[in-house]
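The task is simple: from the sequences and hints, build the whole structure.
So the sequence shown is numbered by my numbering: it starts at 403 and just counts up by one.
These are computed hints drawn from the structure, not numbers from a lab. Ideal Cβ positions, reconstructed from N, Cα and C, are used throughout, including at glycine.
Restricting the straight-line Cα-Cα distance to at most 20 Å, the calculated cross-link-like pairs of lysine to aspartate or glutamate (EDC-like) are: (1) 468 with 523; (2) 703 with 877; (3) 933 with 923; (4) 945 with 905.
Now the in silico label distances, taken between C-beta atoms and shown as ranges: (5) 1015 with 1100: 15 to 25 Å; (6) 578 with 768: 12 to 22 Å; (7) 592 with 941: 37 to 47 Å; (8) 672 with 944: 30 to 40 Å; (9) 642 with 944: 51 to 61 Å; (10) 944 with 1103: 45 to 55 Å; (11) 507 with 578: 39 to 49 Å; (12) 1085 with 964: 29 to 39 Å; (13) 591 with 449: 23 to 33 Å; (14) 632 with 678: 43 to 53 Å; (15) 592 with 725: 27 to 37 Å; (16) 768 with 592: 32 to 42 Å; (17) 934 with 642: 37 to 47 Å; (18) 1005 with 934: 42 to 52 Å.
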Amino acid sequence: MFNVTKKSMQWGEETLTLETGKIARQADGTVIATLGETSVMANVTFAKKQKEGQDFFPLTVHYQEKYYAAGKVPGGFFKREARPTEKETLTARLIDRPIRPLFVPGFKNEVLVMCTVLSHDLVNDPDIVAMIAASAALTISGAPFMGPIAGARVGYEDGEYILNPEVDDMHKLRENPDQRLDLVVAGTKDAVMMVESEAYELTEAEMLGAVTFAHEQIQPVIDLIIALAEDAAKEPFDFQPPDYSALYGAVKAAGEEKMRAAYAITDKQERTNTVAAVKEEIIAALTEEQQSDENLGSALKKLESGVLRGDVVKNGRRIDGRATDEVRPIVCETGLLPRTHGSALFTRGETQGLVVTTLGTGDDEQMIDALNGTYKSNFLLHYNFPPYSVGEVGRVGSPGRREIGHGKLAWRALQAVLPAATDFPYTIRVVSEITESNGSSSMASVCGGSLSMMDAGVPLKAPVAGVAMGLVLEEDGSYAILTDILGDEDHLGDMDFKVAGTENGITSLQMDIKVAGITPEIMEKALAQAKEGRMHILGEMAKTLSEASGFSEHAPRIETMTVPQDKIREVIGSGGKVIREIVEVSGAKVDINDDGVIKIASPNGEAIQKAYDMIYSIVAEPEEGKVYKGKVVKIVDFGAFVNFFGKRDGLVHVSQILPKRLNHPSDVLKEGQEVWVKLLGFDDRGKVRLSMKVVDQDTGEEIAEEKKEEAAD
403 MFNVTKKSMQ
413 WGEETLTLET
423 GKIARQADGT
433 VIATLGETSV
443 MANVTFAKKQ
453 KEGQDFFPLT
463 VHYQEKYYAA
473 GKVPGGFFKR
483 EARPTEKETL
493 TARLIDRPIR
503 PLFVPGFKNE
513 VLVMCTVLSH
523 DLVNDPDIVA
533 MIAASAALTI
543 SGAPFMGPIA
553 GARVGYEDGE
563 YILNPEVDDM
573 HKLRENPDQR
583 LDLVVAGTKD
593 AVMMVESEAY
603 ELTEAEMLGA
613 VTFAHEQIQP
623 VIDLIIALAE
633 DAAKEPFDFQ
643 PPDYSALYGA
653 VKAAGEEKMR
663 AAYAITDKQE
673 RTNTVAAVKE
683 EIIAALTEEQ
693 QSDENLGSAL
703 KKLESGVLRG
713 DVVKNGRRID
723 GRATDEVRPI
733 VCETGLLPRT
743 HGSALFTRGE
753 TQGLVVTTLG
763 TGDDEQMIDA
773 LNGTYKSNFL
783 LHYNFPPYSV
793 GEVGRVGSPG
803 RREIGHGKLA
813 WRALQAVLPA
823 ATDFPYTIRV
833 VSEITESNGS
843 SSMASVCGGS
853 LSMMDAGVPL
863 KAPVAGVAMG
873 LVLEEDGSYA
883 ILTDILGDED
893 HLGDMDFKVA
903 GTENGITSLQ
913 MDIKVAGITP
923 EIMEKALAQA
933 KEGRMHILGE
943 MAKTLSEASG
953 FSEHAPRIET
963 MTVPQDKIRE
973 VIGSGGKVIR
983 EIVEVSGAKV
993 DINDDGVIKI
1003 ASPNGEAIQK
1013 AYDMIYSIVA
1023 EPEEGKVYKG
1033 KVVKIVDFGA
1043 FVNFFGKRDG
1053 LVHVSQILPK
1063 RLNHPSDVLK
1073 EGQEVWVKLL
1083 GFDDRGKVRL
1093 SMKVVDQDTG
1103 EEIAEEKKEE
1113 AAD
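Rendered as structure tokens:
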């Protein structure tokens, strides 16, 4: 009944298995990839006809994590998987980016790739397994896919690169000083296609070494996919790229010079309008048959690309007149918004981000429910890209994949320099509002985010800046690397290479390649040129702010204290009674975790101190020989009981009330009276022994020995 094909290999410390032929046989290609005990099923289907009038490649990649894979039941009211999590969205993008450029040019049939996590061993991250499964499914599907690709994750510890480190090693990397890198690389047999990373000030050489290491490690995986395809691949889909050379010749003849003049305009809006007008003129000059040709859009894009690329490589001349290694003018401002905790406006050419920082308490931490467990995050970065930022009208809704991806890139770049939670016990939320965009708004979010957090008083280890690099690679091997690319250079170029970091090293690297010919030499040169650009931007930022400034008067103050874990129950009280009383009496917000770390927050310093004192009185132990202020709670014939330390009472014996003999304690004391007492110690049964006579009741100071003798006389 089943025609199963299965291939396995040892990859690192685990066995990698690819299997097809048993499940989902009606899909064009289905592969279940298993690494260790993590299994992901990838299903590929593609339309056999192009939709009429389709002028783009409609590839859709979905990645979904099923909670049953880790033996969990989803949270929420409905108890079933709902909208994609951030991890699912980012992984879908991770798979999409390296496979999209590898479809045969001109193929515009709809393609759907669905990756489903079936089993998760909590050791091997399913994102890499999903990427391999998707590549294998595409390779055997018959679709015009020029793969296969494979992917790998690389860690870096003690100067050594680690292949596919465990999930726990990569979790909360900021809290793991031994691990300095979380890098994902995807590539073909000959070239690197995609890089995504979170790093901790690695040098350019260390990052390049990690990319090279990953590319070497994926080679046997590519061979395994090829071996699977040799036994299980379907017949290749009969697709011939459309020949629109005659149409392109007509388009070029009708408007090449006009298009070249349009791209010589440096202002984006004027250039965009002029390019659109030139396209209309070109179309008007064509025959009706040419105008109705479905390849007209491709021909126009090819003309734009040829104009832009030729000038850059041959003449070193960019659209806006800059040199290839020149950064656009930068203006930085901080403290724009009076009621926010921190704000910055970062403008680089025609790209601008208004970035705002808010400081919150432990209650504001984000709860993340993942397959590998539930945890909290105290650093949030949200990126918004409204239509007006590019002069367009459009639908405004919930964040899309692009917003989530750009926000995560900026998050990775900045979180490497955040202070430890024990040193700065705040939840930090950074929001980047892109108000203008013409290239690399994610890097503007990094720069603006760094300035905004410093404006809010966050003691960053160092400022972070980011720059987007581009590449134009011609068929003859000539190329130009571009610093701080414009939107058109990104759209019509061959590489989008974003590098963020401090003066000391790289904190994040993201690369997408549109051609399969990036050599280590080109990558090394791009990294070196990116470093120059980053240093220039950091210098411009330092003119405005180079370290944390004062705290906003509107931000909450937070003090931390640590109590023994066996005292946590006493601080909380039965049903939370004690901690509620502390909050009500002090007016401060109190948050306590399972480790005994307590955060006390309030804009009012007195409220913080009051809550601190109340908690301290519960958890601290009284010190022998120390003087305390207490209250008489009960009078008996042989003395008085005084509440002197939290809920701790002690006995002041009648002989310890005054230096002279008393008939009865009530002669000088009454219940509710405040007195000063010294803790003499504890008797054999642990009872507390206190003394009033050795303390000056007016000042609370201990009486010197000679004064005690005088008083006794």
